[in-house]
Amino acid sequence: MSDNVSLVIVSHSPDVARGAADMVRQMVGDEVKVAHCGGAPDGRLGTDVQKILDAINEVWSPRGVAILVDLGGAETNSEMAIELLPQDRRARVVLCNSPIVEGAIMAATEAAGGSSLADVRATAEELSPR
Amino acid sequence: MSAYSDSAPVPLSRATANVVLRHEAGLHARPAVKLTKLAKKFAAKIALATSEGGPWIDAKSIVKVMAAKAPRDTLLHFRAEGADASAAVEALVALVEQDFPDDG
Numbered sequence: 001m002s003d004n005v006s007l008v009i010v011s012h013s014p015d016v017a018r019g020a021a022d023m024v025r026q027m028v029g030d031e032v033k034v035a036h037c038g039g040a041p042d043g044r045l046g047t048d049v050q051k052i053l054d055a056i057n058e059v060w061s062p063r064g065v066a067i068l069v070d071l072g073g074a075e076t077n078s079e080m081a082i083e084l085l086p087q088d089r090r091a092r093v094v095l096c097n098s099p100i101v102e103g104a105i106m107a108a109t110e111a112a113g114g115s116s117l118a119d120v121r122a123t124a125e126e127l128s129p130r
Numbered sequence: 001m002s003a004y005s006d007s008a009p010v011p012l013s014r015a016t017a018n019v020v021l022r023h024e025a026g027l028h029a030r031p032a033v034k035l036t037k038l039a040k041k042f043a044a045k046i047a048l049a050t051s052e053g054g055p056w057i058d059a060k061s062i063v064k065v066m067a068a069k070a071p072r073d074t075l076l077h078f079r080a081e082g083a084d085a086s087a088a089v090e091a092l093v094a095l096v097e098q099d100f101p102d103d104g
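Chains as they are written, first to last, in the numbering used here: chain A, 1 to 130; chain B, 1 to 104.
None of these hints come from the bench; they were simulated from the model.
From the three backbone atoms N, C-alpha and C, an ideal C-beta is built for every residue, glycine too.
Heads up, a few of these hints could be off.
[Claimed, not checked] With a straight-line cut-off of 27 Å between C-alpha atoms, the simulated BS3-like cross-links for lysine-lysine are: (1) K69/B <-> K41/B; (2) K41/B <-> K64/B; (3) K33/A <-> K40/B; (4) K64/B <-> K33/A; (5) K40/B <-> K69/B; (6) K64/B <-> K45/B; (7) K33/A <-> K41/B; (8) K69/B <-> K45/B; (9) K40/B <-> K64/B.
[Stated by the list, open to error] Between beta-carbon pairs, the in silico distance windows are: (10) A122/A <-> E81/B: 21 to 27 Å; (11) E81/B <-> E31/A: 22 to 28 Å; (12) E31/A <-> L75/B: 27 to 33 Å; (13) P71/B <-> E126/A: 18 to 24 Å; (14) D88/A <-> P101/B: 38 to 44 Å.
[What the hints assert, rightly or not] Only part of the chain A face toward chain B is listed, based on derived beta-carbon distances under 8 Å: (15) M27; (16) V28; (17) T123; (18) E126; (19) L127.
Start from the sequences, fold in the hints, and give me the full structure.
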């Protein structure tokens, strides 16, 4: 299991993040570890750097971690979380520029086949809105 | 030129097959994921087309397989190239014939 790239799903809404992670587990399977987080520390809509950091570490894989985000702050806070990682992990975490739900399914399908982090991200990003 | 260069290369194995897609909703999200995941288990290059003249798409690309949007009753064409080509085509046809069963 740990020889596959893992995923982290970051949404402003904890429900969206959980739902997207559920879709990955049901549609793709459990060969790929998926963590999800969402919501600001005060419980309102938003994202939280510490929660993202915890999520990355929860599913850490030596093959790397691909992060799927929804809007604005999810992206900047994820970038901040990556910067807070130990240096040896930092280079093995990437943000995918793709729709959060669709990108997660595509990324997980790619990762389930043992693909590299670069290939997982490329597959998620291949699905950019037309 | 070298004395060793005339050793026979391993013959490249090729396989093709067609199968009718009976799945009610066609090749939608979940069947596409299953097909791609199965294709990725083989080393062979595997292509898929929804008509004999192509276009042929990479069966290991989830984005392309899903984008094919093959509806029910499409005749799916598979072709594979590589040492395990026959096994790959056989497994993919079985998956479609068995209507994309859940693993295990």
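Numbers of unmet hints, in rising order: none
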